[in-house]
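The chain contents come next:
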Amino acid sequence: MAIKVNRRMMSAIFLVGISCGLIVTAQASAVQELLAEYGKEGAGKYNAVNGENLWKRVQVDAKTGQKRSCVTCHTNDLRKPGKHARTGKLIKPMAPSVNADRLTDKKKIEKWFHRNCKWTLGRICTPQEKADILAYLANQ
Amino acid sequence: MKKLNVYMLAMSMITTGLSGMSLADDDDEDRYMRPWGVNARPGVAPVDNPLYRNECGSCHMAYLPGLLPAHSWERLMAGLENHFGENAELPRGEWNAILAYLLNNAAGRGNYQVSNKLVRGLRGTPLRISELPYFVHEHREIPARLVRGNPKVGSFSNCDACHTGANRGSYNEHQVNIPGYGRYDD
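First to last, the sequence lines map onto chains A and B. So in numbering that gives the first Met the number 0, the last spot in the first sequence is 139, and the numbers never skip. So in numbering that gives the first Met the number 0, the last spot in the second sequence is 185, and the numbers never skip.
Calculated from the structure, these hints are not laboratory results. Heads up, some of the hints might be wrong.
Said to hold, decoys possible - Computed from the model, here is a short list of chain B residues facing chain A with C-beta under 10 Å:
#1 Pro49
#2 Ser57
#3 Phe83
#4 Glu85
#5 Glu88
#6 Leu89
#7 Gly148
#8 Val152
#9 Asn157
Unchecked claim - Taking lysine to aspartate or glutamate pairs in the EDC-like style, the calculated list, with each CA pair at most 20 Å apart, reads:
#10 A/Lys62 to B/Glu80
#11 A/Lys107 to B/Glu88
#12 A/Lys110 to B/Glu54
#13 A/Lys88 to B/Glu73
#14 A/Lys66 to B/Glu85
#15 A/Lys88 to B/Glu137
#16 A/Lys82 to B/Glu130
#17 A/Lys107 to A/Glu128
#18 A/Lys88 to B/Glu172
#19 A/Lys107 to B/Glu93
#20 A/Lys117 to A/Glu32
#21 A/Lys106 to B/Asp159
The structure displayed is predicted, hence computed values, not measured ones. All C-beta atoms in this analysis are idealised placements derived from N, C-alpha and C, irrespective of residue type, glycine included.
Construct the complete structure from the given sequences, taking the supplied hints into account.
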């Protein structure tokens with residue numbers, strides 16, 4: 000009996016190990032591929048510190064006069080859930096270390112860069128800005 | 000209460016099962032067996048499309064297609080770059096798939112009581128569920144302090160803040176719980 004349980008535990012640990020590996024790879028490959036694409040679109044070496052500054056930079060919306068930043072919906076602590084500024088809907092944590100689904104899908108990342116840069120900064124982000132932010136987020 | 004839950008579960012299993020069947024056959028059968036408006040199913044059909052749930056459920060609950068008529072969905076989908084002040088643009092392929100899903104399941108396409116009521120006698124092409132005459136009528140007695148003045152609700156658009164069965168398509172007054180106010184049985 001004891002041996003059986005142990006074997007089961009071993010295979011469970013093994014499976015968990017494999018799936019963690021897969022998740023980390025999915026995140027790393029989506030981020031790496033995007034960083035490479037931004038490079039081809041003209042971005043230089045990415046810089047996570049610039050990314051963090053841009054993430055937290057407050058911008059005044061021309062139409063509404065509201066103060067806006069990426070933090071407005073995603074909060075200051077990337078490991079905590081955020082809240083949509085308009086609707087109040089919960090947004091899952093942005094940090095890949097606590098939310099393994101983050102930054103695993105290139106199309107999703109690009110779609111939200113497009114929407115959220117427009118909403119927050121009033122324009123789309125440059126490849127350099129996207130590379131910097133991605134480098135910052137991927138390490139959280 | 001427990002009994003009710005079991006009943007709800009059974010109902011939702013039945014409806015999910017039905018909606019999984021081939022649409023065309025199901026519709027004909029349905030029309031034959033349930034005279035329109037007389038034997039309509041309760042509530043609104045729940046969302047059964049993962050793409051729609053993901054794409055249209057990230058900023059707010061994924062509104063059930065049966066809450067608006069087809070021409071309203073068409074108008075709403077035509078203006079996603081300025082969607083109530085937000086940018087909700089979609090890549091072409093996903094846009095097509097979601098529009099098709101909405102049009103096939105809009106109010107008036109299936110025989111559901113609440114969907115039927117929401118579009119009965121409707122004029123024009125409202126973009127909001129919360130502007131439909133039946134909606135306004137049903138919510139007219141709720142004071143603003145419980146909605147706009149209530150940080151846990153914010154606006155009538157947040158159906159699921161008050162209707163505990165909103166995602167299952169259940170909007171009757173026995174499943175309402177206004178945050179900070181409580182159950183709303185009158």
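Checklist entry - Is the straight-line distance between the alpha-carbon of A/Lys107 and that of B/Glu88 20 Å or less? => result holds (12 Å)
Item to check | Hint consistency between A/Lys66 and B/Glu85 [alpha-carbon to alpha-carbon, up to 20 Å] | outcome: holds (16 Å)
Next on the checklist: Please verify whether A/Lys110 and B/Glu54 have alpha carbons no more than 20 Å apart.
Outcome noted: Measuring from Cα to Cα gives roughly 10 Å; hence the hint holds.
Checklist entry - Within a Cα-Cα threshold of 20 Å, do A/Lys107 and B/Glu93 meet the stated pairing? => result holds (12 Å)
Item to check | 20 Å Cα cutoff - pair A/Lys82, B/Glu130 | outcome: violated (25 Å)
Next on the checklist: So, as I understand it, the hint says B/Glu85 touches chain A; can you test that by seeing if any CB pair is closer than 10 Å?
Outcome noted: Interface hint status for B/Glu85: holds (7 Å vs cutoff 10 Å).
Item to check | Interface hint outcome for B/Glu88 [beta carbon to chain A under 10 Å] | outcome: holds (7 Å)
Item to check | Interface hint for B/Gly148, Cβ within 10 Å of any Cβ on chain A | outcome: With Cβ-Cβ at 14 Å, over 10 Å, it is violated.
Next on the checklist: A/Lys88 and B/Glu172 were given as a pair; does the straight-line alpha-carbon distance stay at or below 20 Å?
Outcome noted: Outside the cut-off at roughly 23 Å; violated.
Next on the checklist: B/Leu89 was flagged as interface toward chain A. Is the shortest Cβ-Cβ separation under 10 Å?
Outcome noted: holds (8 Å)
Checklist entry - Does the interface hint hold: is B/Val152 within less than 10 Å of chain A, judged Cβ to Cβ? => result holds (8 Å)
Item to check | Interface hint compliance - B/Phe83 to chain A, C-beta minimum distance less than 10 Å | outcome: Hint on B/Phe83: holds, closest Cβ of chain A at ~8 Å, below 10 Å.
The structure does not agree with the numbered hints 1, 7, 13, 15, 16, 18, 20 and 21 stated previously, though it agrees with the rest.
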